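K.L.:
With chain A held as given, fit chain B onto it using these hints.
Protein chains: 2
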Amino acid sequence: MSATVPLGQYLFRRIKDLGTEHILGVPGDFNLTLLDEIYNVPGLRWVGCCNELNAAYAADGYARIKGSPAVLVTTYAVGELSAMNGVAGAYAEHAGMIHIVGMPARMLQKARAMLHHTMEPNMDPAVYIRMAAPIRKTYAYLMDDKTMAEEIDRVIVACVQSRLPAYIYVPADVVSVPLDAKRLDTPLDTAVRNSNSGIEDHIISLVLSEIEKASHPVILADVLTIRHGGLELTRKLAEITQFPSYSTPLSKGIIDENAPYYNGVYNGKVSFPGVAEGVESSDLVLNLGPLLSDSNTGGFTRTIRDENLIYLGHAYCQVKGEKFDGVHFLPILKRIVGELESQSQNYNVPRPQQKPRLEPPVLSKASSGEIRQSYIWQRLGRFFKENDIILTESGTAQFGAPDATFPPNAKYITQIFWSSIGYTVGACLGALVAAKELRHPGRVILIVGEGSLQMTVQEIGTYIRYGFKPIIFVVNNKGYSIERAIHGPEQEYNDVSLIWDYQKMLEFFGARQDKGGRAKSQAAKTIEELEAVLNDEDFGNGDSIQLCEIHMDKFDYPWRLSTQVDITRERMKKATSSSS
Amino acid sequence: MSATVPLGQYLFRRIKDLGTEHILGVPGDFNLTLLDEIYNVPGLRWVGCCNELNAAYAADGYARIKGSPAVLVTTYAVGELSAMNGVAGAYAEHAGMIHIVGMPARMLQKARAMLHHTMEPNMDPAVYIRMAAPIRKTYAYLMDDKTMAEEIDRVIVACVQSRLPAYIYVPADVVSVPLDAKRLDTPLDTAVRNSNSGIEDHIISLVLSEIEKASHPVILADVLTIRHGGLELTRKLAEITQFPSYSTPLSKGIIDENAPYYNGVYNGKVSFPGVAEGVESSDLVLNLGPLLSDSNTGGFTRTIRDENLIYLGHAYCQVKGEKFDGVHFLPILKRIVGELESQSQNYNVPRPQQKPRLEPPVLSKASSGEIRQSYIWQRLGRFFKENDIILTESGTAQFGAPDATFPPNAKYITQIFWSSIGYTVGACLGALVAAKELRHPGRVILIVGEGSLQMTVQEIGTYIRYGFKPIIFVVNNKGYSIERAIHGPEQEYNDVSLIWDYQKMLEFFGARQDKGGRAKSQAAKTIEELEAVLNDEDFGNGDSIQLCEIHMDKFDYPWRLSTQVDITRERMKKATSSSS
Chain A
1 MSATVPLGQY LFRRIKDLGT EHILGVPGDF NLTLLDEIYN VPGLRWVGCC NELNAAYAAD
61 GYARIKGSPA VLVTTYAVGE LSAMNGVAGA YAEHAGMIHI VGMPARMLQK ARAMLHHTME
121 PNMDPAVYIR MAAPIRKTYA YLMDDKTMAE EIDRVIVACV QSRLPAYIYV PADVVSVPLD
181 AKRLDTPLDT AVRNSNSGIE DHIISLVLSE IEKASHPVIL ADVLTIRHGG LELTRKLAEI
241 TQFPSYSTPL SKGIIDENAP YYNGVYNGKV SFPGVAEGVE SSDLVLNLGP LLSDSNTGGF
301 TRTIRDENLI YLGHAYCQVK GEKFDGVHFL PILKRIVGEL ESQSQNYNVP RPQQKPRLEP
361 PVLSKASSGE IRQSYIWQRL GRFFKENDII LTESGTAQFG APDATFPPNA KYITQIFWSS
421 IGYTVGACLG ALVAAKELRH PGRVILIVGE GSLQMTVQEI GTYIRYGFKP IIFVVNNKGY
481 SIERAIHGPE QEYNDVSLIW DYQKMLEFFG ARQDKGGRAK SQAAKTIEEL EAVLNDEDFG
541 NGDSIQLCEI HMDKFDYPWR LSTQVDITRE RMKKATSSSS
Chain B
1 MSATVPLGQY LFRRIKDLGT EHILGVPGDF NLTLLDEIYN VPGLRWVGCC NELNAAYAAD
61 GYARIKGSPA VLVTTYAVGE LSAMNGVAGA YAEHAGMIHI VGMPARMLQK ARAMLHHTME
121 PNMDPAVYIR MAAPIRKTYA YLMDDKTMAE EIDRVIVACV QSRLPAYIYV PADVVSVPLD
181 AKRLDTPLDT AVRNSNSGIE DHIISLVLSE IEKASHPVIL ADVLTIRHGG LELTRKLAEI
241 TQFPSYSTPL SKGIIDENAP YYNGVYNGKV SFPGVAEGVE SSDLVLNLGP LLSDSNTGGF
301 TRTIRDENLI YLGHAYCQVK GEKFDGVHFL PILKRIVGEL ESQSQNYNVP RPQQKPRLEP
361 PVLSKASSGE IRQSYIWQRL GRFFKENDII LTESGTAQFG APDATFPPNA KYITQIFWSS
421 IGYTVGACLG ALVAAKELRH PGRVILIVGE GSLQMTVQEI GTYIRYGFKP IIFVVNNKGY
481 SIERAIHGPE QEYNDVSLIW DYQKMLEFFG ARQDKGGRAK SQAAKTIEEL EAVLNDEDFG
541 NGDSIQLCEI HMDKFDYPWR LSTQVDITRE RMKKATSSSS
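Residue numbers (the UniProt record's numbering), protein chains in the order written: chain A, 1 to 580; chain B, 1 to 580.
So that you can see chain A by itself, here it is in the shape it has in the complex (with noise of 0.2 Å):
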């Protein structure tokens, strides 16, 4: 047997034992060798994508669904360069991928020749490593045979633990230095721990005590705890304890939103009735994974008091206001959930708040007529079923889906934080990868803005490519609603091309209605029409991809996204005012 075994092949082998079986990316001259290794691993598969931001963006949506580190391959430059924003989302909001850059060989790079894709003044082949710095965890450049093999492992391993996009840069010529094939006898070690374990002991004997001596607990879980492998012990969690539990705009599904114990979306000021109340005069929040941007806190209105907050973050712990620093939150979740389980009785079950009304006055229960953002999401919610993985996109969408009530299991994949329109589209590319990979049985269904769709729309071409069979909405809402919202609502920067035939889309991209296509499009601008769209048995099966194009008022914006840029002018006015 070899001892040895190509570098290229060892990374991927890596990757495949993570339980990635997927590698997403474009080819380009300096990763094609690279490329070629993939195809010596077994189970692993390559799925090309139209462009390197919608590759990126799919590696970010595969992240979200598999849990196991996405791969993202592009080529020197031009590739790692246009994949920029969709890895700095993936940063911001903790979508981990291992991005692989294939560069020119070594002796290329050190003779500084002017080659394709290299810039004046130097032809210095590093700058694109270093202008990706802020965006990623850590990385490898692949130049000392010496010290590859443990370079590559050090970069996955930082990767799987820190949720953050990592990369690794493979000349051409290096793919196929042999490294010593026995060290993937051993599995990498990725799990998470704290290394100092009397104080993980001593945060979770506080959180215990400030459980049991609370009279109105709640959870509030938000989305850092499922980017970093919290999902299942959350939902133990409020399974167990049945207290009053709530998400966030980031995090929507977390909580089975048909159990007793589900009191909905908190979002500070922008939060149905009820909501912020409850939250907020609990004498004991466990606060779950925190990502405290403004679109996830109302605008900056979450008001907990440090007194009543226990604050479970990636970097750091908080318990009723004494600070633990480079504490993670997993290890002390999982040890929580287990003494919880093993002695239930010896615990105060506290009783469930006053729930919340979910459906407040602000909401349409129309049945006919035009279709008005009051109304589409909770229909829209009826719509969906347990273990749907649902994506939303920046804009009106984003900002309507809190009103729809989620089906048990629900996976939900949106970015309102980093809010990079277009996201979705790449996003759902790598979700629908994901759910393949876990012999997912839930549909697959994208919410887009045709503004947001015209960003990314070539990836459409890709899921028709490879055969995947999501349900595509698209909001045909005559331009940028989200910024006519907050600024210039008639000014001509907020429209798009209005003329963009939808109805023929999925057949440009190749899903052909005849000979025997079941891919349907339709659309509709009434919510009659709507109803007939959604009670086609074809469209909600999932057996093909089916488009519906829902027709909306221009100026019509979702009620949190009003609320939201009303709180956020009026903060800006008095900063202004007090300032000047």
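If you are wondering where the hints come from, they were derived from the structure by calculation, not from laboratory data.
Note that this is a predicted model, so its numbers are computed, not measured.
Errors might be hidden in some of the hints.
Listed below are the simulated BS3-like cross-link pairs for lysine-lysine, each with C-alpha atoms no more than 25 Å apart in a straight line [claimed, not checked]:
1. B:K355 / B:K269
2. A:K504 / B:K574
3. A:K110 / B:K574
4. A:K436 / A:K469
5. A:K573 / B:K110
6. B:K504 / A:K520
7. A:K574 / B:K110
8. A:K110 / B:K573
9. A:K504 / B:K469
10. B:K269 / A:K504
11. A:K525 / A:K385
12. B:K574 / B:K525
13. B:K436 / B:K520
14. B:K469 / A:K478
15. B:K16 / B:K137
16. A:K110 / A:K236
17. A:K504 / B:K504
P.N.:
Leaving out everything else, chain B in the frame of chain A:
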């Protein structure tokens, strides 16, 4: 009359005064108030693009055709990062643009608020400014009221003079800062001058004396001549001197290819028979605006001895081995042309060398049957007309196009140095905008492979949205043929989706063939079918957008591509064996 003008308006008035009439970009919530100011400057218009990478490509294409700087507006983080690869290409190939990035208000920046589009660890809003450092000449970060006007002026001048991208970062609250309106009465001085006129005089007298002494002088006019405003001067130089004149792959079209003194595209060993000999045997090569990258020098096989070379570049000039750093060719070329014009009797007009055969045997004379790389480019050359703007995409189109004979006054865009595929689809939008400003009577012709088209296809929708009427050739050769030529011809990763229906593309994006529209989509699998399309009057007259899909074999590569790949392989083999 008001003595002040809001900063946003000041900025756009400065831009309008340069001759730029259109602003390209994508809106985002941090640039909306800035965009409002476009409408306050008479004669300035907004062109909204589908995404920022395409917008950057468009800005690059605009700059190449218009000469005056393109202006790209994006939003904080998501927008500016998406544009990065496009801006980098403009940096590499000197297609100057002013990239204006809208940022959060200064107060929010200073507070390090966790706004959307920010990043951990510390929400530093300047992090993206640092990332772009290598791809710009200079930048202004408008944080201090006192220096804003000077900073804007400084950056604009630097952009025009360097023909490189320059950034202006505009926090949202800065748009309304009042600036001194009187400054606008003095136009910016953007002329390129050499500070040391003694050295300039010296170089000019050296060059003139070398020209007089030379027995077989030739002109080798490269692309940076065009980028730095020397196109017309170069044409005049060739016309006055009648010296045998050559272009390069990047500068093709700079010399009138129907003129008696035109001798072909010089690209080292990857040239038509006789071309390399003509240049390399000359005792005086007047090399203007060189860009010596791999694919612009036949894979580094350009062989011109220093003792026969006059190198007139943007960063230095060199006369027969004597180098003058920091001297710009443009003022020198201007004076040389003036001198030669005024004393055209006083210098020796040398006899033109024997003209190389511009249609070597490698080209096909077929008149029927399948469409081959060896046939198509000369045929398309005959389709081109005087004043056409021609774009060829990276890949086979770019390596094939030098086989065509261009008509007089053709303007040519290709990106064989930066080589980012998908580039021309965006650049074509910019060329269309620039042609409109120039009241350009010629047609705009885009030739793009289908793999590249898939990268950036949505911008076809922008042509249609704004009523532009390019002629589009889609070379459908079933994948990335340039990569097949380089490595892994049969590998799956070199495939793209084969089921897109390009015949439906224009319709999807809103160009209607019915209702009296004359936008046609046609396809050709044979020479006969191609002839029918090319001879269709609607197709060629430029009155409506047109598409011709040309089907070609996926393993059929232009001879220039195969030859360069062979040269590169041979060199790598030698280098590897000598280093081991």
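K.L.:
All hints are to be evaluated individually against the structure, with a verdict given for each.
P.N.:
Evaluation of the provided hints:
no., hint, verdict
1, B:K355 / B:K269, "holds (17 Å)"
2, A:K504 / B:K574, "violated (53 Å)"
3, A:K110 / B:K574, "holds (16 Å)"
4, A:K436 / A:K469, "holds (11 Å)"
5, A:K573 / B:K110, "holds (17 Å)"
6, B:K504 / A:K520, "holds (16 Å)"
7, A:K574 / B:K110, "holds (16 Å)"
8, A:K110 / B:K573, "holds (17 Å)"
9, A:K504 / B:K469, "holds (21 Å)"
10, B:K269 / A:K504, "violated (48 Å)"
11, A:K525 / A:K385, "holds (24 Å)"
12, B:K574 / B:K525, "violated (41 Å)"
13, B:K436 / B:K520, "holds (22 Å)"
14, B:K469 / A:K478, "holds (24 Å)"
15, B:K16 / B:K137, "holds (21 Å)"
16, A:K110 / A:K236, "violated (55 Å)"
17, A:K504 / B:K504, "holds (8 Å)"
Consistency with the previously given hints fails for numbers 2, 10, 12, 16, ordered from lowest to highest.
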